[in-house]
Amino acid sequence: MALSSSVPLPFTCPKVKIGSSSSFNFCLLGGNWSARSCASLFNRRPLRTATTAIEAVPKQESPPWLMLPPELESGSMNYKLYNLADNKVETLCPSDAIRELPISCCRGSTHGWLALLGYDTCILYNPISRRHIKLPSILNLPRMPKQNDTNTVFSDITKLILTCSPDEENCLAFIINNWSNALAFCWPGRSKEWTMMMDENNNRDQAKRFYEDFVYSPRLKLFFALTDSRKIETWDFGEPSSPKLIKVDKCYFDSSLERWLKCMCAPNEYLVFAGEDILYVIQYAMEPVGPDGSYIYKNAPDNCPYVTIRFDVLKYDRKKGKFKYVDGSSSSCLGGYAIFVGPLSHSVAIPATRFPELLKPDSIYFTDGYFEGTFDGDYKYPFDDERVVGHDIGIYNYQDKTVSPCYYPCDVRSLKKILPPPIWFFPN
Numbered sequence: 001m002a003l004s005s006s007v008p009l010p011f012t013c014p015k016v017k018i019g020s021s022s023s024f025n026f027c028l029l030g031g032n033w034s035a036r037s038c039a040s041l042f043n044r045r046p047l048r049t050a051t052t053a054i055e056a057v058p059k060q061e062s063p064p065w066l067m068l069p070p071e072l073e074s075g076s077m078n079y080k081l082y083n084l085a086d087n088k089v090e091t092l093c094p095s096d097a098i099r100e101l102p103i104s105c106c107r108g109s110t111h112g113w114l115a116l117l118g119y120d121t122c123i124l125y126n127p128i129s130r131r132h133i134k135l136p137s138i139l140n141l142p143r144m145p146k147q148n149d150t151n152t153v154f155s156d157i158t159k160l161i162l163t164c165s166p167d168e169e170n171c172l173a174f175i176i177n178n179w180s181n182a183l184a185f186c187w188p189g190r191s192k193e194w195t196m197m198m199d200e201n202n203n204r205d206q207a208k209r210f211y212e213d214f215v216y217s218p219r220l221k222l223f224f225a226l227t228d229s230r231k232i233e234t235w236d237f238g239e240p241s242s243p244k245l246i247k248v249d250k251c252y253f254d255s256s257l258e259r260w261l262k263c264m265c266a267p268n269e270y271l272v273f274a275g276e277d278i279l280y281v282i283q284y285a286m287e288p289v290g291p292d293g294s295y296i297y298k299n300a301p302d303n304c305p306y307v308t309i310r311f312d313v314l315k316y317d318r319k320k321g322k323f324k325y326v327d328g329s330s331s332s333c334l335g336g337y338a339i340f341v342g343p344l345s346h347s348v349a350i351p352a353t354r355f356p357e358l359l360k361p362d363s364i365y366f367t368d369g370y371f372e373g374t375f376d377g378d379y380k381y382p383f384d385d386e387r388v389v390g391h392d393i394g395i396y397n398y399q400d401k402t403v404s405p406c407y408y409p410c411d412v413r414s415l416k417k418i419l420p421p422p423i424w425f426f427p428n
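Mapping the sequence shown onto full-length UniProt numbering, position 243 (from 1) lands on 243, and the numbers just tick up by one.
Calculated directly from the structure, the hints in this document are not laboratory data.
Among these hints, one or two may not hold up.
[Stated by the list, open to error] In the DSSO-like style, the derived pairs of lysine-lysine whose C-alpha atoms are separated by at most 27 Å in a straight line are:
hint, residue 1, residue 2
1, K80, K134
2, K416, K401
3, K360, K244
4, K80, K360
5, K417, K80
6, K221, K315
[What the hints assert, rightly or not] Derived DEER-like restraints, expressed as beta-carbon distance ranges:
hint, residue 1, residue 2, range
7, E100, K298, 16 to 26 Å
8, K298, K244, 46 to 56 Å
9, V248, S76, 40 to 50 Å
10, S241, D96, 43 to 53 Å
11, R219, G321, 11 to 21 Å
12, K320, S242, 24 to 34 Å
13, S330, A97, 47 to 57 Å
14, S242, E168, 30 to 40 Å
Don't be surprised by glycine CBs; every beta carbon is placed ideally from N, CA and C.
Produce the entire structure from the sequences given, and follow the hints as far as they go.
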């Protein structure tokens, strides 16, 4: 295995907490970026289980659950969710209607509902109430391929979120359609087709847009979308039937530290509302790493994992119309919020004081940034079986730059492929 040559890195490596009595550091050993483990598994309380939908009904106010890979039990594929508050794994049985649908992938977890897609099927499903709501087919979106190729169709349908519960009349569903370099929306249960969000004043730029994430403010009736060129689009939904692009802000964030991180890391980027503030969250996952946790400069085997080593957060200054870097050295640097992010889940910020014994303030709860692929009834993914994906899950303390485990171990030697990748689920 060829490791990197000696390279001085201009930043402090984060410490990764494995349990109450053990930890490992990302540090420089002989010029290599390394994660040295002191424990193979983190310590956690024995889990309890709940196996019926009635037992799994969440409390009136509940923190997110971690949706684990489903399991085949008694000939039926059941959902498994880790309940952070009660420290137990819930088992939810899909409805018969869902079992009969040709579902190929999940493309969203929002307001207690899952966005499930098939080749000509798009539905919202609540695994607790077992209700489902049909959405317009994604095949009606412009320039979508018409051949029955799920990999082609779903690779660019990357995320779906709701503005509120679909039981509310004003609920909107938004979808990222990077096949057409565009966004689209509909009214769940009422729309027969998706409405494209097009910039009438500058259609030429539409082909250049590739979207990473989006959020919506019901109070402001504004929709914010993040592009891969780090532009933040602001759309006015004062008149929902005809939204207008009213502003595009460039998010400038270029430092020597970030340039170093980009050499070794694959960034994942998110938008989230924390109170009335819009936060731009950047996750850096170092890849690839060897069994000892060191960064592999070249000739890496296909089965090498990746690990998140850092987050950066920028906050939008509405008066100046630009984003400002949030320094993590101060107390309450993220306003005391616990932020939940992931490629398929609706980004959410919860005041840690709401669950003081459970949530860590000024921390980012993250899931694996990998979401590609579709699954059939056996949940088989169409990529090399040797590749380790789905495992990068943890809690990043933004103030002291440490990473703690969340349900799964984060010791490099214990990392294993997890498919489908776990996502955050918000009980409703």
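Hint-by-hint comparison with the structure:
no. : hint                     : result
1   : K80 to K134              : 23 Å, holds
2   : K416 to K401             : 24 Å, holds
3   : K360 to K244             : 38 Å, violated
4   : K80 to K360              : 24 Å, holds
5   : K417 to K80              : 17 Å, holds
6   : K221 to K315             : 19 Å, holds
7   : E100 to K298: 16 to 26 Å : 49 Å, violated
8   : K298 to K244: 46 to 56 Å : 48 Å, holds
9   : V248 to S76: 40 to 50 Å  : 48 Å, holds
10  : S241 to D96: 43 to 53 Å  : 36 Å, violated
11  : R219 to G321: 11 to 21 Å : 19 Å, holds
12  : K320 to S242: 24 to 34 Å : 29 Å, holds
13  : S330 to A97: 47 to 57 Å  : 51 Å, holds
14  : S242 to E168: 30 to 40 Å : 21 Å, violated
Hint violations for this structure: numbers 3, 7, 10, 14, all remaining hints satisfied.
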